[in-house]
Amino acid sequence: MNADEARESLAFSEYARKRARDDMGRPWLALVLLASLSVVTLSLTGAAVSPTGLFWVFAGPLGAAAIALYAYRRNRSSGIESSPLAYVAITLGLLILAYAAGKIGFAFQAPAVARFGPAFVAAAGYLALAWIERSWTVAAISLALLAITVAIIGFDLSSQQSKALLFGLYGITLLAVGFSLRVGRKQLL
Amino acid sequence: MTHPSSALDDTIHQRVRLGILTVLSESRRADFGYLQEVLEVTAGNLSQHLAILEDAGHIQIAKAFEDKRPRTWVTVTRKGRAALASEVATMRALLDGLGGGQRS
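Chains as they are written, first to last, in this note's numbering: chain R, 1 to 189; chain B, 1 to 104.
Some hints could be false.
Stated by the list, open to error - Interface residues of chain B toward chain R, partial, derived using beta-carbon atoms under 10 Å:
#, residue
1, Gln14
2, Val16
3, Val23
4, Leu24
5, Arg29
6, Leu35
7, Glu37
8, Ile52
9, Leu94
Bear in mind the hints are in silico, worked out from the structure with no lab data behind them.
Treat the numbers as computed from the prediction; the structure is a model and nothing was measured.
Backbone N, C-alpha and C fix where the C-beta goes; we use that ideal spot for every residue, glycine too.
One chain only, chain R, in its complex shape (with noise of 0.2 Å):
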C-alpha cells in the first residue's frame, strides 16, 4: 500500500463519515424546539409560582414527543437510522432544570437566578447538543448564548427590559440558527 492509497481511503471514509452524520440529521427542528420552549421558559419566568406554570407540564412531554416522532419518522424514511433518545434526554433536562432554576430563584428570593437560570440551562443544553453533533456552530451559539445573558446582567436592566431583550435576542438568534441548519440540510440533498 502506497501513501496516496491510504490517503485516497482516508479521504473515503471521513466522506462516508460527513455523509452518514448529515443524513441521519442535523435535529433542526430538535433546535427550533429547543429555542422555542427555552423562550417560553424565559417569558414565564416572572410567573414560574403562577399556574401559568402548569404550561410546562404539557409543553415538556408534547415537545419531547414531537421531537421523538419527528426523530422516528425521518429515520425510516432516510434509511439511516440515529437513536433520538439523546434529544429527548436534552429536551427533557432542559425542561426539568430551566424550570427548577425558575422554582428555586423565587424560593429563595432570587430574582437573579429566576430569571436568568433558565437562560443558562438553556445554554447548557445546547452545548450538550454541540458535542452530540460534533458540531462547532451550535457550540458557538451556545457560548453567544451564554455571552448575552451575561452581557444583559451586566447592563443592569429592568425586569421587563431584560426579559423582553432576551426574549428577541433569543428568538431571532435561534430561529436564524434552525432556519441556517434548514438550507444546509437542502443544500446537502
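Given chain R, work out where chain B should sit, using these hints.
Just chain B now, kept in the frame of chain R:
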C-alpha cells in the same frame, strides 16, 4: 520487525468495505438502499461486499418486511467497530511514517 502495513486488515481494507463500516459505525443501523446510494455501487457489488463483512463477523444483516416491502438493515458488530478503528489508526500511522500524513 514487521512492516506497519502488515497490520492492515485485508477484509476491510477495500474501499467500499471501509465505507460500509464507517457509515455503520456512525449510526445505529443503515439499510441496503442507503449504503448503495452513499457508496455509489451496484446492488450486486454491494451484496458481495456485505457478504464478506458478514462472514468475517464485522456486520450483521437483518431482512424484514416493512409496509409490505422487503428491507435489509445492516448493523456493525463490536468486532467490526474495533477493526475499523484499528484500520484507520494503522493507515494514519503509515502516512505519518511516510512523512505524508495529511489527515482529512
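We went through each hint and held it up to the structure:
1. Gln14: The hint holds - Gln14/B has a Cβ within 10 Å of chain R, the shortest such distance being about 9 Å.
2. Val16: holds (9 Å)
3. Val23: holds (5 Å)
4. Leu24: holds (8 Å)
5. Arg29: Hint holds; Arg29/B Cβ to chain R Cβ min 5 Å, cut 10 Å.
6. Leu35: Since chain R brings a Cβ to about 8 Å from Leu35/B, closer than 10 Å, the hint holds.
7. Glu37: holds (8 Å)
8. Ile52: violated (16 Å)
9. Leu94: With a minimum Cβ separation of about 5 Å from chain R (threshold 10 Å), the hint on Leu94/B holds.
Comparing the model with each earlier hint shows a violation of hint 8 alone; every other hint is respected.
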